[in-house]
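Novice: Below, each chain spelled out in residue letters.
2 protein chains.
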Amino acid sequence: MDFFFEPKGIAVAGATPDPNAGGHHLLANLTLGYRGPIYPVNPKYDDILGMKCYSRVSEIDGTLDLVLIFVPARAVPQVLEDCVAKGVRGAIIQSGGFAEVGPEGKALQDRCLAIARGGALRLWGPNCMGFIDTWKRHVFSFITTEGWKDVFQPGEVSLIVQSGLLSAGFIIALMSNRTVGLAKVCSIGNKCDVEETELLGYLLQDPATKVICLYLESFVQGRRFLELAAASDKPIVVLKGGKTPSGAVAVASHTASLAGNDDLIQGALRQAGVYQADDFFEMIDMARVLGRPFAVHPSRGERAGIAVLSYSGASAIVTADHLEKRGLGLASLSASTLDCLQSLSPHWMPIQNPVDFWPAIEKHGVAATYKKAIKALHEDPQVDGLIVHLFSGLPAWSIDVARIVPDLNPPLKPILFWTLGERRHVEETRRSLEELGWPVFDEIQRMVRVMACLFESRPKTGRPSWMDPDLTPPVPDITRSLDALALQADRRPEKILDEHESKKWLSALGLKVVRETLIQNLEQALKAADETGYPVALKGRVEGKAHKTEAGLVKLNLWTPDQLTSAYHEMSTLPARPRSFLVQPMLRGELELIVGITRDPQFGAAVMLGLGGVWTEVYRDVVFRLAPLGREDVLEMVSELRGQILFKGFRGSKPVEMDVLGDWLIRLGWLALTYPQIREIDVNPLLVVDGEPVAVDATLLLR
Amino acid sequence: MDFFFEPKGIAVAGATPDPNAGGHHLLANLTLGYRGPIYPVNPKYDDILGMKCYSRVSEIDGTLDLVLIFVPARAVPQVLEDCVAKGVRGAIIQSGGFAEVGPEGKALQDRCLAIARGGALRLWGPNCMGFIDTWKRHVFSFITTEGWKDVFQPGEVSLIVQSGLLSAGFIIALMSNRTVGLAKVCSIGNKCDVEETELLGYLLQDPATKVICLYLESFVQGRRFLELAAASDKPIVVLKGGKTPSGAVAVASHTASLAGNDDLIQGALRQAGVYQADDFFEMIDMARVLGRPFAVHPSRGERAGIAVLSYSGASAIVTADHLEKRGLGLASLSASTLDCLQSLSPHWMPIQNPVDFWPAIEKHGVAATYKKAIKALHEDPQVDGLIVHLFSGLPAWSIDVARIVPDLNPPLKPILFWTLGERRHVEETRRSLEELGWPVFDEIQRMVRVMACLFESRPKTGRPSWMDPDLTPPVPDITRSLDALALQADRRPEKILDEHESKKWLSALGLKVVRETLIQNLEQALKAADETGYPVALKGRVEGKAHKTEAGLVKLNLWTPDQLTSAYHEMSTLPARPRSFLVQPMLRGELELIVGITRDPQFGAAVMLGLGGVWTEVYRDVVFRLAPLGREDVLEMVSELRGQILFKGFRGSKPVEMDVLGDWLIRLGWLALTYPQIREIDVNPLLVVDGEPVAVDATLLLR
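Going down the list, the protein sequences come from chains A and B.
Residues 3 to 705 in my numbering are what the first sequence spells out, letter by letter.
Residues 3 to 705 in my numbering are what the second sequence spells out, letter by letter.
Here chain A stands alone, though its shape is the one from the complex:
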């Protein structure tokens, strides 16, 4: 894609001398830093800004890789045809009026794409702000030159933004506030051809880019995106717009309904080690810290211990509150650190973490105390990260803040600064610290949010390939019976299998299901219960019925033949009279789980694990991973559940056998990838009996 990023020759279709027009800005922006030949194109003019103007792209006689297009939508196809004729490699269509405006626009966009594909032309956009490279001062964008020219702050963070107008405002805001140094900014708009995954691949190879931020509303190649992310060491932060469940699509399985629009995507991104932000500036705050050379060494599952150095008890307390909320702990300082800090602080102020250092500052001044304290805390093996509070604008603090930071290059641990005080002093403090590479924050909760994201576990290696998964059966010789079930399923009209049929698939996978007897009449029921042992459950089988409990088709805890008999009679007189019944023993489990598979239009087959029972929908304590899963995915899934403690044996019960639970999730994932005719599966409840998961009920939906 170098012809987009480092083109040899650029034409501007729609160039104009009108200083208020986008076509003018496009041209003027090129003159800021682009060193190759520039060709204005507009039949109305002979020259613009002193450059020879061409009436058509096809008339240009020099080297030409890239055309920037800012003509009305209806005129774009002709420009593209000229591009193809001229053998141009790339076109960035910045005009709007395409798919974003409805079916007519979509048709026009499709026509453009067809023209491009007729040649070797790649399209970027339409409806976008184009591209910026701050290091090379390449601004291939129609946004007003005034917005850029004084505020270039080259840096290490690259952006990919799926949006037209917002990207402009956002980038101008970032640049004018000098919030972060940017490397490359790609506004991809309707992404009719070039899309986020291809650009991600490019930026992952780009030496100028250390961190990548993306605002996306959809993923064109979901699995490829994750595969690239998982294989890379560069931090990737995604802000996914459109988390609200649509509610419009009726879903038949719990698994699909619990996936909502976002829970599944969240799991998939986490699986690939992608960081997730909730707002625009939050995304950037995460990126600017993830890009620092902080070494983070948290053992998985352990709480990171943070030290807080403050001048104020109140801000220290509020910081500790936010650390707790975000799952971080206060480090227990080593004896030598305590000694060092205490030697600076008056005897009446016993040192603990958070460190209230005001008395020390009053005694020895800010520079001397903070420098020593930061050094000691940074070196303390008990400390995983450090938060430092600064005051801006009191006379005691009128020092060069750079003097308070010891020489730590590179720092062994993350150190984040928070400052409060007089506006201009805050600004100075921020500038001088950030020039030294130390991130500064205005708000405690944001700082702690970012600190927490540094300690999220980001396993990046040993992942299965999401593009070409190894589909060896998890158990030899299980495909034969599954193939038979699949054949049978393809032939049947109903799309919702009842629990008896559904559990056949699970049994065929080698997974344990509750023992059950299929019966047709009361006599058989009583006999089955006798053999099974009371108490039993009686369930009525009605074609295509997913919600049996609400329909009165489930009677649990039947302890006597009498109870079974009356349950049988009751069920037999229901309007939806069951064809047949199931008699099952009542299992007593210590934990109710729910597992299942569903399919996401962008990411494909996914496996869910969650806490089951009546509260599943209430607390939504569920987690998703894309198939195929590895053993480490299973451990991670459990560790991300709020109810993870219940898996470890709660109040004297046996812990869940993680190997067996792993078999469940891994095999379900394999099943989803191997048998595309399965749409969704719910196993609910998956009861844990003496540590072993057993499927009590299940529903399989076919496509």
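Treat each hint with caution, since some may be false.
A pair counts as met if it fits within one copy or between any two copies, since identical chains are not told apart.
Heads up, simulated DSS-like pairs for lysine-lysine below, C-alpha to C-alpha not over 25 Å straight-line [as the list claims (entries may be wrong)]:
(1) Lys529 with Lys650
(2) Lys656 with Lys557
(3) Lys245 with Lys327
(4) Lys514 with Lys656
(5) Lys557 with Lys650
Note that these hints are calculated values from the structure, not bench results.
We have chain A already, so just place chain B on it with the hints.
Specialist: For chain B alone, coordinates are given in the frame of chain A:
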């Protein structure tokens, strides 16, 4: 307390001509706006800043209400003695070195308080930044004059801050950023005498104050504070520092452990209609919007419908995501609003909420379109609140933003603005909108957080008095048997009553408990089970044992005499051999609740309601209210549980009888207030059987 706020004559003890000293700033700050007599006090000087200097407070011969003290801690008692001798009314001790530095300092502070109480002297502080009144330009604080003099922005928000240094930085930050207009700022430090509740009472009467923000780490008069808050119409926002559970105190009941340090306080504050913030600037963002004359009319329990007017699909989507997360909805716009908006937007852009108005802006310009759209959305009866996105720094937006807001005075609904773009333009946009009274935000999530807080239900009337509750028994003639139980309890050595003894209290309250038979041997057990009907539970009674299940003292679901017999034998051979046993029927409930009472050192007796079962500790879905409770408290408690839907009859089960649940919570509250010998009660589980709550197990802890 007028002698603090509008003193007739002020002395400054510790005044000095050294321009870098706090004692100089104190004096200089007084000259900014204070119009009464000022008396510098310092034996070393004859005059300071052209004012006659006194060697001691007692030598001052003019009118003198207030002394500001900034001398070393050890010299403070002498100054206070002089104050008492002179008949001074108030002293603000701004020096540090008191209780905050340990036991010695605490003793010094106590001595100061004793001196003051020996006269009619009130103390403010020590270890504080004093007081500011921006309208009168009264700055009774040692903070450097430079920090204040150009940035006074009088306004309607008053602050009470329990912290020394932080308050300085925070106030300077607010003033220099012009974030909010302030009325009065009170930094109360160690609050040895004057504390938050007394000041809250003063500010609630203060005509200049419309909203009150407090940063507090503790409440000196918790109940009085809430009573004042509940009776007032002025919004009160509290940032409570120190939410982290201490973990140090071992607690015996679930209720106390679930209260943590913060859940109970959260419930108590909500009960009094107090808003709660998590960070300093968040508190101010809430206050500046709560102070606007927005009329909010949400029906309780209904989701407020918000309209979003944007120029960008991406920011509109992210806003909708945050609305959903905060429990707000997107308004369904009325037909007339849709017509109006559509008439401005091209036909190919169908209008819906969020409104993407960029095509309309391109057609007609920002001013014309936004003004009409804001008016239409504001008037739409389907819209409860409005969010408007602005762009700062594109040529199309180079207009006086005031022109985009129609004349809405007072506005019928909240309208919040979010803007993004070039730094200086953003600043201009903010200034001009905020001068017109329209709140502007930088971040979408903060804006939505504040919008949500406007729609939190804040019942302010009809509350029982927390100071002098009406302790009429909830049922006539129940006190006799309770008195008997109390007498018995006072005589017994053990502090933990077993479930049989504990449930006697509940029965005496007229609350339903599970039927149970006390038995001594197997024969009695079998007889009791026969009478009760199988299945039964067998529980062993061991003195002072709180966690019976873990000790093997609970056997559930015994269906046959055989099972009962072996359970009996098993329990009889335990090391802690039970004295006696309980036989209970196994109840089948549709919902497990937990209720209880606990006592908070700051707020006193509180009642808890939560979802029970093994997940109670995992999800902590519990809510607290202070006793006494009213019926409306009970409804609110249920509505604040994440699992509230389970109370309404879930999957065909009967809804919980709210009247009976109300009896439970109200009577438990009354019990806690009436019988102080009770420390805590756990009713766990409180099983809901056919809609009716029944106590299955309970533990009562005595003090």
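Novice: Evaluate each hint against the coordinates.
Specialist: Quick rundown of the hints versus the structure:
1. Lys529 with Lys650: For Lys529 and Lys650, the Cα distance exceeds 25 Å both inside one copy (39 Å) and across copies (39 Å).
2. Lys656 with Lys557: between (28 Å within a copy, 17 Å between copies)
3. Lys245 with Lys327: Both: 23 Å inside a chain and 9 Å across chains, each within 25 Å.
4. Lys514 with Lys656: within (18 Å within a copy, 34 Å between copies)
5. Lys557 with Lys650: between (31 Å within a copy, 22 Å between copies)
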